[in-house]
Amino acid sequence: MVETEERVSKTLGEFEQLVLFALVALGDTAYGASVRREIESRTGRPVSAGAVYTVLERLESNDLVSSWVGDPSPERGGRRKKHYRLKPAGAALLRQARDELLNMSRGLDARLDRIADQA
Amino acid sequence: MSMHDPRPPAFSRFLLRTIVGEPDAEFVVGDLEEDYRREVALRGRPAADWWYRRQTWTVAWHRLRRAQGRWRMEGTTRDLRHAVRGLLRAPGYALATMLTLALGLGGAVAVLALGASVLRPLPFPNPDRLVAVSEVYEGHTRSAAPANYLDWRRMSTSLQGLAAYRTNAASLTFGGEAQRGRTAEGSGNLFQVLGVAPALGRTFDPTLNVDFPAREAVLSHGVWADALGSDPNAVGRTFRVDDLTYEIVGVMPAGFAFPDASVQVWLRSPYEAPDIRGFPYDLLAARDAWYFNVVGRLADGVALPAAAAEMDAIAARIEELHPDTNAGAGVRLTPLLEETVAGFRSTLLALAVAVLLLLAAACVNVVHLALARSATREASLAVRVALGATRGALVRHVLAEGWILGVGGSLAGVALAVAAVRGTVAVFGTTLPRATEVGVRPEVVAAALLLGVAVTSMLTLLTFRAPQANPAGHLRSRGGGSRTRDGLVVAQVAAAVALAAGSVLVGRSLLNLSHVDPGFDTHDLVTLRVSLPDARLRTYEERLQVYRDLADRLASVSGVTAVGLGSTGPLAVGASADVFMAGALDERDPPSASWQPVEPGYFSALGIPLLEGRVFTASDADGPYVGVVNETLARLRFPGEDPLGRQITIGLDGHDRPITIVGVVGDTRTRGPALAPGPVLFRPMGQTGRQGFSADAVFLAVRAPGSPPSLPATLREVIHQAAPGLPVYAVARGNDLMQPFLQGSAGILLVIGVFAATTLLLCAVGIYGIAAYLVRQRRREFGIRLAVGADAPRVMREVMGRGVGRAALGVPAGFLLTFVLGRAMGAALFGVGVTDVPTYGAAGGLVLAVAAAALWIPARLAARTDAATALRGE
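Heads up: the protein sequence lines correspond to chains F and G, in order.
The numbering used here applies: residue 1447 is where the first sequence begins, and numbers increase by one.
The numbering used here applies: residue 11 is where the second sequence begins, and numbers increase by one.
These are calculated hints, taken from the structure and not from any lab test.
Among these hints, one or two may not hold up.
[Said to hold, decoys possible] Now the in silico label distances, taken between C-beta atoms and shown as ranges:
(1) F:Ala-1471 - G:Pro-131: 40 to 50 Å
(2) G:Gly-398 - F:Asn-1549: 29 to 39 Å
(3) G:Leu-52 - F:Asn-1549: 36 to 46 Å
(4) G:Ala-57 - F:Thr-1475: 45 to 55 Å
(5) F:Asp-1545 - G:Leu-98: 51 to 61 Å
(6) F:Arg-1544 - G:Ala-57: 31 to 41 Å
(7) G:Ala-57 - F:Asp-1545: 38 to 48 Å
(8) F:Arg-1491 - G:Ala-235: 56 to 66 Å
(9) G:Arg-95 - F:Thr-1475: 46 to 56 Å
(10) G:Arg-27 - F:Arg-1491: 42 to 52 Å
(11) G:Arg-27 - F:Arg-1552: 44 to 54 Å
If you're wondering where the values come from, they're calculated on a predicted model, not measured in any experiment.
All C-beta atoms in this analysis are idealised placements derived from N, C-alpha and C, irrespective of residue type, glycine included.
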């Protein structure tokens, strides 16, 4: 039986980028729930907890983020948080993705808007 | 965390924790809990619950997707295929596991189905808004009085509708012969409050008042089909209820039942409260005649406590205005569903506890089996590990087996449950509320499947131990887990002891109940009731003559030695009346007695003993007022005195003509065998014509020593010939009269008895399995010991002693569980305490005896071990 190992990606998926940006925004206060809320409030679209955990785990196993366990808090029924922090490798990859997107979109705003508004 | 913090849906949270698994479960559950509280604050509880469930599913979904990505779908089907093949190679294991599961789950599903059916919302729109409204006096609820009810209706704003109803037995005549049936007479707004539309025609017009031209009736679907052949033009037709003609205005849909399925016809009361025949004064002004029930619907946006508070205030106001009748009288609101199933709730609780014990015992056996299986499978798994299979692959293989067994066991369990539920409905009979609605519903089947798969998956995973990577190592690594096994035996024995003791407790209660002296001679006795459908058309004396003629006819049947005639049977309570001392009508709190008009032969026909004085004679009819009291009334009214010759008077007839007591008779169990006899005042039927007893139905007792089994049919025939068209009903042999009172306990006994027997069997199999396994493990040791001269009986004693000793550890825990089960069964117990020592001893002894029997074969095997074979086997 062959176990297919998970792909170690050299490029980031769209949702992975959103999660990594949330980690940048939140700094030391990033954990599952705050990441989910950050993406929801910035993008305005509903985000499922399942997707966030899956991506965070994958990013961690790919060595792009690190994690540590925080203190228990009462509003969580005395449970502890698992905090995440962006690693330099993750930050580099995210910067690369952002640059690619910016490079691709530069100078195209007006044309893009025109086509989109035709509908 | 304070008690008032909102908690997310428990099942979802459990699911989440199970799916994610430690250590991540803590963080994920914590995260979602934190967000859940935000959602509650932002959007309220229901939306937040929904949100939480959705998030749980997304987590589950992503985990599954990831797992699938790793395993791939073809892997899963291959696993299932492998598992099926593996199970086919071990059919004994597969069958035993599935059968065990089927037994446990069958019981669980049956009880679940029963509970789900009985406690399902009532079949009315917004049923949770319906409340039963009753008066409360000195902590006890009672029916409502008309004037109080009308005040509630007028003053209450938190109830948007309040309807009154009262059920009656009546003769129904649809063209042909009269039949005996049940009616509910309700206020005009009854159907409006219930909110149910008719299948045909209309329901009552609530605006109509007193002198409406036609009396209105709504038929049940059942009586419409049976008596009118589902006539589509039934609306507008008339029929008679006793002597009154009603017009059919509507037919209810099938399945509509209120207040229970026995009611065939709903009649609109001519007043805003149900009528009461022969009531001596202004009905609607009465506050001291409590004879009907009230159902209300909470107004939109009003919660039950708020409505209850308003009703309390209203009751206090009424009390202030009418202190003479309403002093200390309050109002109680109960959710209608609770009111409907009140009596059965405790039974259900007992069954739930019992089924948990059974399920636990079954799970223990599944674990035993899985442990044994994992031991035999270890070698093959070890080989697979050596060939490069990962731990994950092995887990999947084991899980696939668990799923197959779980699905198989659950399906068999559901089949068992369907049969069990049918049986349960039959044995509980009329004591089971909503009996017609009980069945195994699809959602229960789904729950069973889920439960079965969850149980087997969990148990197979729990018992799974990855073998060492070195195939040779696994042989040496064994030996652990004996503490687990002992723990399992203890749990199983405890469950068996509790169920056995529970059955004994209920069984003894039933025996005690059936041995209660009913106070009359039940042998060679047939009782029945007859009614005159056109009772109003004759005078009281004429009606009495009809009954007397009937009694004479019955007395002339060959073999009949005596016939008694009265208003009520010996195991029932008639109309009640306050019994004052003569000339003291202003006495406060006089004893209240069941008031029963009887003919002179009543006592001798029933075999009720005369203790003092005399019973009635034919000449009493024209003489001064006389009465006979039962022992209880004599004791209550004349404590320590001789009641003979004393004069009393009853409030019921509205005047204070004195009644002289001429005799005292023995008590009969008027309120059933479980309760103390109530006080009874007997009066001669010839004297009671103008006292509220209308004689539209009477009770007849026929004594016929050595009568053939066909006697009831013969009596029916005689009555039919003498008075064609007269409804004869409630025909029963004397020996069966106590049956209805025993049915509830008999039902519990049967169910718990079956559970106990099953658990004992599971327990025996489990103990046997473990002992056999241990004996196999120690074969070498036994063989050598026997070879060097140890005597066989000693080895046998050792094996049995160890086994019984372990089992005995479970007995005290079983006693504790018995106490829990006994408390849950409380209502079904009679004449035996929850902590009855002999019962506990018997149950403990029984289980240990079963354990010893189960140990017998392995112990003999141990004692006969042949050293040579044992050593070669290694």
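Right, here's what the structure says about each hint:
1. F:Ala-1471 - G:Pro-131: 40 to 50 Å: holds (48 Å)
2. G:Gly-398 - F:Asn-1549: 29 to 39 Å: violated (46 Å)
3. G:Leu-52 - F:Asn-1549: 36 to 46 Å: Holds - the Cβ-Cβ distance for Leu-52 (chain G) and Asn-1549 (chain F), about 40 Å, lies within 36 to 46 Å.
4. G:Ala-57 - F:Thr-1475: 45 to 55 Å: The hint (45 to 55 Å, Cβ to Cβ) is violated, given that Ala-57 (chain G) and Thr-1475 (chain F) are roughly 26 Å apart.
5. F:Asp-1545 - G:Leu-98: 51 to 61 Å: holds (60 Å)
6. F:Arg-1544 - G:Ala-57: 31 to 41 Å: Once the Cβ atoms are compared, 36 Å apart, the range 31 to 41 Å for Ala-57 (chain G) and Arg-1544 (chain F) holds.
7. G:Ala-57 - F:Asp-1545: 38 to 48 Å: holds (41 Å)
8. F:Arg-1491 - G:Ala-235: 56 to 66 Å: Holds, since Arg-1491 (chain F) and Ala-235 (chain G) (Cβ atoms, about 57 Å apart) stay within the stated range.
9. G:Arg-95 - F:Thr-1475: 46 to 56 Å: Taking Cβ atoms as reference, Arg-95 (chain G) and Thr-1475 (chain F) lie about 53 Å apart, which means the hint holds.
10. G:Arg-27 - F:Arg-1491: 42 to 52 Å: Violated - the Cβ-Cβ distance for Arg-27 (chain G) and Arg-1491 (chain F), about 28 Å, lies outside 42 to 52 Å.
11. G:Arg-27 - F:Arg-1552: 44 to 54 Å: holds (48 Å)
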